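Trainee: Sequence:
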Amino acid sequence: MDFDNAKTGIRTLIALCKRKVSFEDFKKQVSKVCMVIIDQIHDAESLVKAEKPVAESAQFLRKLKNLNNESIVYLDSCEKEYRRGNLKKVVKILLWLLKQFEQLERTLERASVFSS
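With the numbering used here applied, the sequence shown corresponds to residues 18 to 133, in that order.
Honestly, the hints are just simulated from the structure, not real lab data. Note that the coordinates shown come from a computational prediction; the quantities given were computed from them, not determined experimentally. The reader is advised that the hints may include incorrect statements.
[What the hints assert, rightly or not] Derived BS3-like pairs: lysine-lysine, alpha-carbon spacing no greater than 30 angstroms straight-line:
hint	residue 1	residue 2
1	Lys82	Lys116
2	Lys105	Lys116
3	Lys69	Lys109
4	Lys45	Lys82
5	Lys49	Lys97
6	Lys66	Lys105
7	Lys80	Lys105
8	Lys116	Lys44
9	Lys35	Lys109
10	Lys66	Lys49
11	Lys69	Lys45
[As the list claims (entries may be wrong)] Now the in silico label distances, taken between C-beta atoms and shown as ranges:
hint	residue 1	residue 2	range
12	Ser129	Gly102	36 to 46 angstroms
13	Glu73	Asn103	14 to 24 angstroms
14	Asp19	Lys97	41 to 51 angstroms
15	Glu126	Asn86	35 to 45 angstroms
16	Arg36	Glu68	12 to 22 angstroms
17	Asn22	Lys66	13 to 23 angstroms
18	Ser39	Thr124	29 to 39 angstroms
19	Lys66	Phe40	36 to 46 angstroms
Glycine included, C-beta positions come from ideal geometry on N, C-alpha and C.
Let's have the full structure, built from the sequences with the hints guiding it.
Mentor: Quick look at the structure:
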């Protein structure tokens with residue numbers, strides 16, 4: 018288990034920015050990526066609950082919930098900034114979000130929640 022699908026979706030959004038696709042195409046892809054992120058975080062939450070004792074899983078579940086909420090907010094911001102034509106800002110936001118997934122993935126791997 019990892020966040021490869023979420024990370025691939027974010028990278029796809031970055032590629033769409035670089036290609037300067039229409040706002041409608043970008044918006045459709047943002048919706049798809051958002052659903053993938055929600056699904057992957059839900060799967061990770063289930064895995065944490067199954068693998069770790071309650072006391073130990075609380076911090077991981079909190080991190081997952083925070084990342085889920087941040088992802089939704091930041092993807093919404095990306096849509097707004099894309100509509101305004103501020104593509105550099107969109108790419109910055111997406112790179113930051115990608116970094117958050119990579120950091121959480123490493124944290125969960127170190128805690129033996131995700132197998133390497």
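Trainee: Are any of the numbered hints broken by this structure? If so, which, sorted upward?
Mentor: 3, 6, 11, 13, 14, 15, 16
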